[in-house]
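Chains A and B, in that order, are what the protein sequence lines are.
Counted from 1, the first sequence has number 133 at position 133 by the working numbering; the numbering is strictly sequential.
Counted from 1, the second sequence has number 90 at position 90 by the working numbering; the numbering is strictly sequential.
Be aware that a few hints might be false.
Straight-line Cα separation of at most 30 angstroms, BS3-like style, residue types lysine-lysine; simulated pairs [unchecked claim]:
no. : chain 1 : residue 1 : chain 2 : residue 2
1   : A       : K59       : B       : K87
2   : B       : K76       : B       : K143
3   : A       : K100      : B       : K20
4   : A       : K100      : B       : K129
5   : B       : K76       : B       : K63
6   : A       : K100      : B       : K88
Here's a subset of chain A near chain B, in silico, CB distances under 8 angstroms, partners left out [stated by the list, open to error]:
no. : residue
7   : S96
8   : P114
9   : M134
Read the hints as simulated data drawn from the structure, not as lab findings.
Ideal Cβ positions, reconstructed from N, Cα and C, are used throughout, including at glycine.
Each chain, letter by letter, is given below.
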Amino acid sequence: MKYRLYLFLFIVFATSCKQQSVVTDFLEDRQTGLQLYFYPSTLRMVNIEKNPDYDAMIKGVEQARFVRLDSGQFTGIEIAGLLTDLRQAGYEEVLSYRAKDQDITIMALEQSVPTFVALSQAGHECMLLEMQGMINVATIPGFLQTFNGNGFIDVLNLNDKNKKEK
Amino acid sequence: MIIAVGMAYSASAQNDVVTKLFNDYYNNPDFTKVSVSSKMFELFTNIEPGDENEKEVLEAISKLKGLKVIATDSAKNAGKLYADAIKKISGNGYEELMEVKDAQENMKFMIKEGNGIINELVMVVGGNKSFYVMSLYGEIDLKKISKLSKSMNIKGMERLGQLDKREQE
């Protein structure tokens, strides 16, 4: 009986580890550009003017990772391979955006805390966002009405800004 | 069993004309294509609403089954594309809900109903060079469409706000 319980726990643990590591596995041994990790505290920290609509919007986000993939490091075939791996891990495509100069795909894995992987390709530039949790879409209209770019830290361009200041 | 098969068939047939229209332009690089699956709307039901207003929006979203948009701002024959789209959609069980014409563009909203419920809302817009088709399907409450259009923030969909204004008139 005990053996079965241990086996069950091992399988659950092994499965969950595998699901969480699809993006990590993909990025391993590949050179990436900017990598940013966000947690609830850091997500709230960028909101320097304390916009309440923004706080309400990100309330359900538990963790997010933004990665700017270096151009030339990732071919279209590799990106397609990542999407295949995500599908095999149980992710479903929930949004696709195809334009002349940009492709965006969002995959989602439904579990107690949903995980989203968004992939954006524009020319040679490729960006990836992995997010655990949900953005509250019902608060987006209110956020857009009160949005002020100066009220947020531009985390994606912090390095550029620092270089200019130097 | 027969009822279930019948319902599944009618649900798939419901979107045939518009799906064909989307497929016609799918490989055209001048068109932007957006597709949101039912899974995305399902996932929104996990969100804990903060107040009554949010609850209302989330309830409306959770009843949706999908969204498709095709759009271009560089059509040489936008007028013809608009007329062709209207011709293909009209008469296939779609009922005209509202039409707006001004100097810049023509816009038509069409709905498909079943058992008193709106199952699909189609918006077609044709301008000088612009042409958009949007199909929103599932269970649609027109009174909440304006709020939904703002939530989704997809180009062209802000025009749905005009439906709300018209309802108030």
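Structure-based check of each hint:
no., hint, in the structure
1, A:K59 / B:K87, "46 angstroms, violated"
2, B:K76 / B:K143, "35 angstroms, violated"
3, A:K100 / B:K20, "21 angstroms, holds"
4, A:K100 / B:K129, "16 angstroms, holds"
5, B:K76 / B:K63, "37 angstroms, violated"
6, A:K100 / B:K88, "26 angstroms, holds"
7, S96, "5 angstroms, holds"
8, P114, "6 angstroms, holds"
9, M134, "5 angstroms, holds"
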